[in-house]
Structure formats: C-alpha cells, structure tokens
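Let's have the full structure, built from the sequences with the hints guiding it.
The residues making up each chain are set out below.
There are 2 protein chains.
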Amino acid sequence: MMRKKVTLKQIAKELDVSISTVSKSLKNSLEISEDTRQKVQAFAKLYNYKPNNIALSLKNKKTKTICIIIPEIIHHFFATVISGVENVANENGYNVLVCLSDESFDKEVINMEMLANGSIDGFIMSLSKETQQKKDFHHIVEVINQGMPVVMFDRVTNDILCDKVIIDDNLAAFDATQFLIDKGFKKIALITTVDYVSVGKLRTEGYIKALKNNDLKVDENLILRIEDTENFESSIENLILNNELDAIFAVNELFAVTAIKLARKHDIKVPEALSIVGFTDGIISKYSTPSISTVSQNGIKMGGKAAKMLIERLESEEEVEEQYKTEVIETELVERESTK
Amino acid sequence: MMRKKVTLKQIAKELDVSISTVSKSLKNSLEISEDTRQKVQAFAKLYNYKPNNIALSLKNKKTKTICIIIPEIIHHFFATVISGVENVANENGYNVLVCLSDESFDKEVINMEMLANGSIDGFIMSLSKETQQKKDFHHIVEVINQGMPVVMFDRVTNDILCDKVIIDDNLAAFDATQFLIDKGFKKIALITTVDYVSVGKLRTEGYIKALKNNDLKVDENLILRIEDTENFESSIENLILNNELDAIFAVNELFAVTAIKLARKHDIKVPEALSIVGFTDGIISKYSTPSISTVSQNGIKMGGKAAKMLIERLESEEEVEEQYKTEVIETELVERESTK
DNA sequence: ATGTCTACCGAAAACGTTTTCGTGTTGAAA
DNA sequence: TTTCAACACGAAAACGTTTTCGGTAGACAT
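Protein chains in written order, with this note's numbering: chain B, 1 to 340; chain S, 1 to 340.
Bear in mind the hints are in silico, worked out from the structure with no lab data behind them.
Being a predicted model, the structure only gives us computed values, none of them experimental.
Ideal Cβ positions, reconstructed from N, Cα and C, are used throughout, including at glycine.
It cannot be assumed that every hint is accurate.
[Stated by the list, open to error] Pair ranges (Cβ atoms, derived):
id	chain 1	residue 1	chain 2	residue 2	range
1	S	334	B	184	39 to 49 Å
2	B	213	S	168	57 to 67 Å
3	B	91	S	265	37 to 47 Å
4	B	272	S	228	30 to 40 Å
5	S	182	B	217	49 to 59 Å
Take a look at the structure:
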C-alpha cells in the first residue's frame, strides 16, 4: 500500500525508453510518436506521477515560494495581512512561508539569512520593534543586493530602497483627531507608543498637526508614550484621573480598550462623558462594549497589494530596477459606540 | 554592488581546485591540507558563500520545511497554533509553510497535492468544514501512503490513522456545564454548531452528558444549532427571549459575545440575570465587557506538541510505523465576569 | 547507389550539493 | 632500489528535472 513517489527515471526504466522520452511525452512534445506518448502518459497516470518540485526549483532557479516575515502572528492585523498575501500568492501559483520575528532583531536576521539561499524567491516583511530601534538593516540590504526582491509593509524605513506598501499613518491620525475636534472636544489626549516605532511616531505627528491646525494647544501632559515592556494600566489610569478629558485618541486597539475599561472602573461613561477613538479595526474594537470607533487599516488589501508587487517584480524578468514604488492604502474611520 | 550568490563551482574555478576540494575544505575535512582549507575558507567568507538550500534538499531528500494547513488564519485560536508550531519548528531548524483552506475542500486538496511532491517533509493540519461534511479524506490518505507523515489537530477524524493532538472537547464541555450546574442554574441553554463540525458535536455531547448526570432534563428547545452561513443573531435573540434562561454555554467566542450583546439589548444583565460560559480563550473573551468565562484551549501548546510529534516522526528514521498516538491537551476553565 | 528529408528517439549537460572511490605524489621503511 | 603507507586532491555519481543537440531509420527522389 505504501507507494513512494515515482520518478521519470523509474518510468523510463519500466517502459524501456529514455528519460528524455518520458519527459517529452508527458509534455505532449510533438517529437514523440503518438503511440509512445499514450503509453507513457497512461503509465504515469497509473502510478500517479507528479514532477518533483525541488528538482524543478533547482533547475529553474525559482521556488515559487515567497516568505513573509512579521513580528507577531497573534496580532489580528498581521493575521489579516497574511491572509491577503496568501490569496494573491495562491492565485499566482506561489506558496507562502511564514516567519515570526517575535519583535527580535536576531530572529529577523537569522530567518532572512537562512532563507536567502535559494529557498524562496522574495520577501514581504514588516520590521520588528528591535530592528526599528537599532536602525540596523544590513541583513535586508544584503538580501536586496543579492538580487532578491523585498517588499516592506506597515513598519517600514526610509533607510532602505525597495517597494513598500503602507497606510498614511500621519493623515489617518490627523483625520481621527480632526473627527474628535469637529465634535467640539477640546481636551483630547493621545495614548501612543515610544517614537522609535515608526507608525507610532507618525500617528503622534498627525495628532499634533490636527491640534495645531485648529489652534488648540498641544499639552505634553495629555500625550502618553508607552514603552513596550511597561505595565501601562496605571499610566492610563493616571492620565484619565488627572485630567478632565473630553476624548482620547489611542494608536492601537489595546490602548483604546484599556482606556475604556479604566474609565468605566471610575464611573466615567463612554461615550457620554468621554469619547474614544482607536486605531486598527480588529476583533477587540468590534466586540468590546461599547464597540470602538477606530481607524480601519485594511490588512487583506495591504497583504494582497504587497504580494502583487512582489510577484510582479519576480516575473517582470530582469531588473527594471530602481523603479521602486510606495503604495498607500487608504484608511477609513469607522464610527461605533465609543464616540458620540 | 549587486553580487549574486557564489557557488562551489565558482570558488573552485577561482582558486583552481576541484569542487570536491572546496566542499571538503568548508566542512573542515581532514582529507584536505591545512593550507588549502584556510585558503578556501577565507575566500568563501570573503564572498559570503552559503550553501544552496534547494540543492541540499534535492540531495538529502529533505527540505526541512513543514506545512500547516488551517481553515482560517483570522481565528485567534489558529493563529496561536501557528505560533506554537513555528516555535518548535524553528528550534529544530525547520521552516513553516502556511496554507489556508478557507474551509474549502478543494483548496485543501489542491494545497496538499501541490506540496506533497518534495516541497515539504510533512503536514500539520486541521480539517476544513467542507471536508468534515463530505467525509472525503482521500487526499490525506494518499499523502500518508506516500510515506509523508501527517499530524492532525483540533478538527480531526477517526477515519484517518495518524498522529493527532486534540483537547477532550467532550470532557471540557461537560466540565463547563457542570460548572454552571454547580452554581445552581437549572435552565442552561447551549449554543453550538451543526453536528458535522467534529468539535461542535463533541461539545454538544458533553453538555448533554452533564445535564443527564445531574438528572436535569435535556430540552431540545434550549439547544441552538447554528449553520455556518446563517445569520445567527436572530436565532440567539429568540433563544434568549423565549426562555427564561439561567445560563448559556456557547461553543465558541463569537456565540458567547453575541449572546451577551443581545442580552444587554433587552436589558438582561450579565452575569446578574444570566451567566454565560464560552469556549476558546481568545481576544474577545478577554476584552469584552463583561469579560467572558471560558474554556481555554492552549493553542500554543497544541501547535508545539503537533510540531514536536511531526518532527520526531521525521527524524526517527524509517518507519516505526503504526505507532500512531493521540495527544490530549488539557483545557482549563478560566472564570471571568460573565458568570456569577 | 546516393542524397535528402522527416519522424522519432537518446545522450548529455545543467542546476548546486555531498560523498565515495580512485590516483598520484611523497617520504620513510625494508 | 623497492615497497608501502600516508597524504592531498580530483573524477564522477547521485538527487530529479528540462532541453539542446545529435543520430538513426525509413521514405522518397535523383
């Protein structure tokens, strides 16, 4: 019952023809007589012959596999990106290798070096926090210099020339803040990350720009920058208690939902007494109570676009080079129950 | 600046030695003189030589890659499983290819056939709903018969002999129901899936067993079986309104959180007037308000175990065969705010 | 008999490794 | 001087393909 995979060589031997003949027959080459072709094809079908992908990869110098490196798969946003990548990759006959950097620089480097040796045709990646902090991108540069295309998404850097797909974090944050201002709120706090996280920094800038644009003064006391390792609950609690806030703009779901929880803890009603806007339209925003108004970044679309760009570069054959593009995926403010 | 990967052949030519000599030198073979070794190694380092993985795969008939096929990556539980798989895979030098079946039988088949031709060393998979419904497992049987190991997890089937890792869905549901009974609740409803979803069926059985065990009668009106495509909100709403329920046991997070939302809509307070227990400890349960008491199935552990079993089989060399094991991962009832 | 054309097929190279086996050179022992 | 081991290295096969380039046989015309 246990039938190992059959190879061209075995078929050739069995049928007493050459390997070439078998190969050509299976490809319906006209070089081979009708008779022989039929015979070979019948035999191949009987034994369920399928060409060995590895051998093909070696010959073609193409693996039809792309790798996506992300910091965390647990984050809903990254999961949707993978989903988007997988979709268009599959449509184009590519497989997707998933690597998790775990926000670690070393893991990112190891993964890239390990795979840049023929295993895959190209990378799609979002930088780990540690990499963004160190600003060390040599591993990426090296890969690109070897001629392997890289597409970066979401957490990108200007220090690397390659295709990118991002959202306009600055604008999205600007719009979200403006949305709160338009509702008449004056004291609008910001819960953000430390500045080395590229998207956090951009969103902070957007927030500030919106305030200035409306002649509201920027109060540093209302800006809470949260370190990654920090236990941030008490910081947020203080922010809420020490200021009579009208609204909060949080740069991710977790910060937003935590703010809601802590507000409720102190009997501050959301949205009646405090409005909250988050960032990233994930599970939390949709199912929390109240559900959270948030900036939706379409991960599926981002992943799909990134995959499309990568595959186009892979198949455009030979280096149109230096025509790197940065695609901006539009965001959308979805209004839910946490704002009034 | 653009330096393509260097091969043994190129090094050999450059240094005017044979390919064999280069290969052996890099492996520090004693066959080669100290002098030559140094020379070759220096040159290789200079040109950043790394062996080509594809060539190695072809030679060794091992790719050091395993594939995990899941129905959906968006589901938090599956994301955690991937995370677990990735961890132990990486520790053992394996890469992880992720395929999404999208709950579709055809995609599952295509993916497996596509990859079973040398691209990977083994599969870890959870069945798609459609596959479970059709009960057609020929693609999996074929792969196994080719000698490629398969580990199934979570959504498994008795029709296939292979390693498996599951939770005791029946027992977990039993315990959850018993937990509600112990609190003195009599009218306990069940929100579950249709029976062809293996885990849904098992959980339903556990619920029934617990009721019977406590001499509570099983009321079919209190059992809501939800079709996949169905818009289930109104069904749940009816369930809640037409019965004076004490508690609800839901077989997944989504059902649980929806029940909470609908109860609140009709001013039924959770947990004061209605207690709710869910299944799967994901984002929703943790961050919903009230947070949801739920059966936690440790996805990381499940994925890790599955990967471990697969890798052990891959490396145990040659068919200890037919010693298939089924590992049961223990679950845990985490008590939160949705029960009193 | 010679030449040419076509139909059909096989040998071999190539992709990049690893490994077995052989071979030539050296120096020392007999 | 002969013999033999030790040493250093290379040739070649193998993994499974695809593809180019010949080559042979027969048919037909000259």
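A quick look at each hint next to the structure:
1. Against the hinted window of 39 to 49 Å, the Cβ-Cβ separation of residue 334 (chain S) and residue 184 (chain B) comes to about 42 Å, which satisfies the hint.
2. A beta carbon spacing of about 59 Å between residue 213 (chain B) and residue 168 (chain S) agrees with the range 57 to 67 Å that was offered as a hint.
3. Under the hint 37 to 47 Å, the C-beta atoms of residue 91 (chain B) and residue 265 (chain S), about 41 Å apart, fit the expected range.
4. Between residue 272 (chain B) and residue 228 (chain S) the beta carbon distance is about 38 Å. The supplied range of 30 to 40 Å therefore holds.
5. At about 58 Å, the beta-carbon gap between residue 182 (chain S) and residue 217 (chain B) stays in the expected band of 49 to 59 Å.
In the structure shown, no violation is registered for any of the earlier numbered hints.
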